[in-house]
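Colleague: Sequence:
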Amino acid sequence: LCGATLLDPGWVVSAAHCFDKIRSWRNLSVVLGEHDLSEDDGDEQARRVVQVIIPDKYILGKTDHDIALLRLHRPVALTDHVVPLCLPERTFSEKTLANVRFSWVSGWGQLLDRGATALELMAIEVPRLMTQDCLEQSKQRPDSPVITENMFCAGYLDGSKDACKGDSGGPHATRYSGTWFLTGVVSWGEGCAAAGHFGVYTRVSQYTEWLSRLMDSKPRPGILRAPFP
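Just so you know, we're using the UniProt record's numbering here: the sequence shown kicks off at 1 and counts up by one.
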């Protein structure tokens, strides 16, 4: 279905659009510690999802506020293969992490536009762009979604590397002083690794307080639309 990122033993973050066509949250599950989809190597931990929380401002089929927080039915055990990414404080993310040029994106999405999906977890390093540079350099179509303050661009103008279908919801992870932080969520793009187009990511720093508040909330099973901000 989609990628996701462990934030805490009991919580995972993904993209809201991954749940646009979900009829029942009761069938949702998450597998942590996965690497090769073709075999079990003993490091995987499966958990049922008991709550899906999306911002109340997210509109079905649109690209703004494309983030979702998932509560697991019981916490995972942290191991060498199951490790959370740190959720950075907003100011630190915007003033420090946003200036780190290269970050990593990972997933099991399509290896080519309209191609087969990966069996082993793939990861690529992509440079982050200022939104103004993204708009000026990319070939935006008249019907392209607007890049809002809740998004940022990353990737290569020549189309050499990019996230693709199936990577949605996965992490844009930034390393700083030896620690990995979640800075983005794979959201949308026009084609995959298409020349003239960048990948667009949900800007996690906009949702730090929203995520932290909800992770301290009491369980309410089901799909919840939580006020943002």
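It cannot be assumed that every hint is accurate.
As the list claims (entries may be wrong) - Here are the computed lysine-lysine pairs in the DSBU-like style, where the Cα-Cα straight-line distance is at most 35 Å:
no. : residue 1 : residue 2
1   : 165       : 139
2   : 21        : 161
3   : 161       : 62
4   : 57        : 95
5   : 139       : 218
6   : 21        : 218
7   : 218       : 161
8   : 95        : 62
9   : 161       : 139
Stated by the list, open to error - Simulated DEER-style distance windows between Cβ atoms:
no. : residue 1 : residue 2 : range
10  : 1         : 104       : 18 to 24 Å
11  : 73        : 144       : 36 to 42 Å
12  : 219       : 115       : 38 to 44 Å
13  : 98        : 165       : 25 to 31 Å
14  : 62        : 41        : 35 to 41 Å
15  : 102       : 21        : 29 to 35 Å
16  : 121       : 146       : 27 to 33 Å
17  : 113       : 61        : 16 to 22 Å
18  : 102       : 81        : 22 to 28 Å
The set of hints was computed from the structure by calculation and includes no laboratory data.
Beta carbons are placed, not taken as given, at the ideal position from N, Cα and C, and that holds for glycine.
Colleague: For each hint, tell me whether it holds in the structure or not.
Modeller: Going down the list of hints, with the structure as the test:
no.: 1; hint: 165 - 139; in the structure: holds (20 Å)
no.: 2; hint: 21 - 161; in the structure: holds (28 Å)
no.: 3; hint: 161 - 62; in the structure: holds (24 Å)
no.: 4; hint: 57 - 95; in the structure: holds (26 Å)
no.: 5; hint: 139 - 218; in the structure: violated (45 Å)
no.: 6; hint: 21 - 218; in the structure: holds (26 Å)
no.: 7; hint: 218 - 161; in the structure: violated (41 Å)
no.: 8; hint: 95 - 62; in the structure: holds (28 Å)
no.: 9; hint: 161 - 139; in the structure: holds (17 Å)
no.: 10; hint: 1 - 104: 18 to 24 Å; in the structure: holds (21 Å)
no.: 11; hint: 73 - 144: 36 to 42 Å; in the structure: holds (39 Å)
no.: 12; hint: 219 - 115: 38 to 44 Å; in the structure: holds (40 Å)
no.: 13; hint: 98 - 165: 25 to 31 Å; in the structure: holds (26 Å)
no.: 14; hint: 62 - 41: 35 to 41 Å; in the structure: holds (38 Å)
no.: 15; hint: 102 - 21: 29 to 35 Å; in the structure: holds (34 Å)
no.: 16; hint: 121 - 146: 27 to 33 Å; in the structure: holds (32 Å)
no.: 17; hint: 113 - 61: 16 to 22 Å; in the structure: holds (21 Å)
no.: 18; hint: 102 - 81: 22 to 28 Å; in the structure: holds (24 Å)
Comparing the model with each numbered hint stated earlier shows that hints 5, 7 do not hold.
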